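Listed in order, the protein sequences are those of chains A and B.
Numbers 1 to 275, taken from full-length UniProt numbering, label the letters of the first sequence in order.
Numbers 1 to 263, taken from full-length UniProt numbering, label the letters of the second sequence in order.
Incorrect hints may have been included.
If you anchor each label on the Cβ, the simulated ranges turn out as follows [as the list claims (entries may be wrong)]:
{"#": "1", "chain 1": "B", "residue 1": "Ala17", "chain 2": "A", "residue 2": "Arg101", "range": "39 to 45 Å"}
{"#": "2", "chain 1": "A", "residue 1": "Arg22", "chain 2": "B", "residue 2": "Ala135", "range": "27 to 33 Å"}
{"#": "3", "chain 1": "B", "residue 1": "Phe12", "chain 2": "A", "residue 2": "Pro111", "range": "28 to 34 Å"}
{"#": "4", "chain 1": "A", "residue 1": "Leu165", "chain 2": "B", "residue 2": "Pro224", "range": "49 to 55 Å"}
{"#": "5", "chain 1": "B", "residue 1": "Gln117", "chain 2": "A", "residue 2": "Pro164", "range": "54 to 60 Å"}
{"#": "6", "chain 1": "B", "residue 1": "Phe12", "chain 2": "A", "residue 2": "Ala272", "range": "49 to 55 Å"}
{"#": "7", "chain 1": "A", "residue 1": "His271", "chain 2": "B", "residue 2": "Gln233", "range": "48 to 54 Å"}
{"#": "8", "chain 1": "A", "residue 1": "Ala272", "chain 2": "B", "residue 2": "Gln117", "range": "31 to 37 Å"}
If the Cβ cut is set under 7 Å, some of the chain A residues that face chain B in the computed set are [to be verified]:
{"#": "9", "residue": "Ile127"}
{"#": "10", "residue": "Leu166"}
{"#": "11", "residue": "Ser169"}
Since the hints were derived computationally from the structure, they do not count as laboratory data.
Nothing here was measured: the structure is a model prediction, and the numbers come from that model.
Note that the Cβ used here is the ideal one computed from N, Cα and C, for glycine as well.
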Amino acid sequence: MQDVAQLGRLRRVGPAAVDYTRWVTIATFFLAWQLLAAYNAVHQVFNPVFLPSPTMVLRAGRDLLGTGVLYLHILQSAWRLLIGFSLGTSVAVVVGILVGRSRRLESIAAPLLDLVGPIPPFALLPIFIIWFGVGELPKLVFIAYATFLPVLAYTVDGVKSVNPLLIRSAYSLGASEMQIFRRVVLKSALPNIFVGMRVSLALSFSALVVAEMIGADAGLGYLIIDSRNFFRMANMFLAASLIGVEYTLFSLLLGRVEARLFRWRKGGYAHALER
Amino acid sequence: MKLAIEDVYKSFDPFTASSRRFVLRGVTLQAAQGEFLSLLGHSGCGKSTLLNLVAGYIKPDRGRILIDGTTVEGPGADRGVVFQEYALFPWYTVHENIAFGPQVRGVPAGTAQEMTQRYIALVGLTGFEHVYPDALSGGMKQRVGIARALANEPTVLLMDEPFGALDALTREAMRQELLRIWLQVRPTVVFVTHSIPEAVALSDRIAVMNLRGTLEGIIPVDLPRPRDSHAAQFLEYVKALEQMLMVDRKSSVRREPAALSEE
Ligand SMILES: Nc1ncnc2c1ncn2[C@@H]1O[C@H](COP(=O)(O)OP(=O)(O)OP(=O)(O)O)[C@@H](O)[C@H]1O
Ligand SMILES: [Mg+2]
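Please put together the full structure from these sequences, using the hints given.
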């Protein structure tokens with residue numbers, strides 16, 4: 001009986017209830033911000049310029065949209081991230097599969113990764129700029145590099161943990177090396193690769209912002225620096241929020257692709273109990 | 001002979017070791033076209049090792065294994081394998097799992113589709129084509145495993161305790177299913193088990209292996225199918241096999257310390 005009661009209680013904390021709290025929290029956050037800014041504008045607890053209200057940020061957005069430059073910044077950043085992230089991911093997956101398949105290559109790669117891995121990618125940006133000039137290339141290479149290491153690590157791990165029984169059964173079904181690679185090794189490592197991509201996505205965005213802050217003439221990171229130079233606080237808040245929005249969109253997109261690819265994959269904590 | 005195992009030795013110890021423990025020492029065994037051959041023996045006697053040698057996953061130290069007169073060099077589609085752990089591809093549906101063999105061997109799409117449907121029907125999984133293995137019961141998973149191996153129309157079907165992970169009731173049902181399928185398709189089967197009644201119920205011949213790595217003997221089962229597991233004759237086979245295995249256990253227990261000190 002007690003078990004049934006417990007299940008009933010679990011059932012009530014369904015997705016619908018969670019969503020409700022979520023919106024209340026978000027609305028409260030903006031409301032509190034708005035009130036704080038309004039209060040401060042009157043009583044001057046600190047310099048009101050430091051904290052523009054949400055409506056001021058929205059107004060700044062509308063003004064920038066009006067001049068047409070905001071689109072340019074948004075698209076520039078999205079495009080850079082897409083190219084850099086895809087480049088880093090593709091190279092990491094290819095290298096990761098090669099390394100994961102060969103013990104020799106792994107013993108060569110592992111110490112190299114131990115050597116380079118602990119250096120935060122951001123420490124290398126000035127070097128990248130000297131190597132690749134000040135144009136678009138160092139930024140893309142830098143974002144790709146930030147993406148590369150986590151995806152590589154997760155890919156190697158995924159390839160190494162393929163169930164050997166599946167490889168045996170594929171061989172006995174007549175599959176060639178190439179078919180085993182595509183239909184078994186890659187398929188089996190793919191969930192792992194996506195975990196790596198998720199981890200990397202956050203890093204790529206950081207890399208994007210840093211790269212745009214140093215020597216760019218467009219992009220949301222540039223917008224932040226440019227606004228700072230003219231002390232336009234509302235624009236800085238706007239650009240930061242838009243970076244958050246872009247990250248959310250990319251993350252959702254990744255989630256969509258995952259849900260598509262891994263329909264076969266049921267498991268983990270969420271599937272342990274029927275709710 | 002479809003399958004010929006000739007004087008096979010196998011040790012897992014490195015060649016450089018001063019003394020190597022041989023899991024198999026001089027096993028010779030044949031299977032004729034369409035024969036149902038079982039390998040029976042205690043845990044650790046080398047049944048899986050022998051089957052893996054035939055499958056081509058591992059290589060014999062001495063001797064050779066021939067399929068239709070050709071020496072086995074590695075795994076191949078001429079030997080279908082059914083695993084105790086099913087080893088289905090979790091990212092493929094039932095249909096895609098069974099179609100795997102025909103597809104990778106380059107069978108034209110239409111024919112592959114037709115073959116797949118035929119084997120799905122044969123193992124009684126019609127209606128489950130688009131389900132992923134995760135959503136199947138153990139018995140159904142092994143039906144997929146059997147259909148997947150058979151869809152390649154292999155010369156020899158190798159089964160390593162295929163029903164070992166199933167409960168007693170399902171196991172009995174699957175035994176009868178396998179018999180029905182075997183009678184219908186008539187592949188040559190090498191079937192590993194440590195269940196004596198299972199071996200008697202299914203086999204044309206039973207190769208009894210001992211813990212010394214040799215064959216204790218080969219018992220032909222001359223009973224018409226389907227076999228009644230309560231019939232007197234059936235029980236006689238069971239008793240005879242029990243005795244063979246008992247002798248082995250006793251002798252091996254006496255032998256074990258000596259074998260250890262030898263290494
Ligand atoms: N890869 C391996 N490396 C080292 N030793 C092995 C390996 N595979 C099997 N052996 C040894 O070979 C012997 C026979 O093992 P095998 O798996 O063939 O037994 P089995 O008859 O299939 O037993 P079971 O009925 O428990 O499955 C065992 O002593 C085992 O420890
Ligand atoms: Mg075994």
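Legend entry - Earlier hints that do not hold, by number: Failing hints, ascending: 1, 4, 5, 6 and 9.
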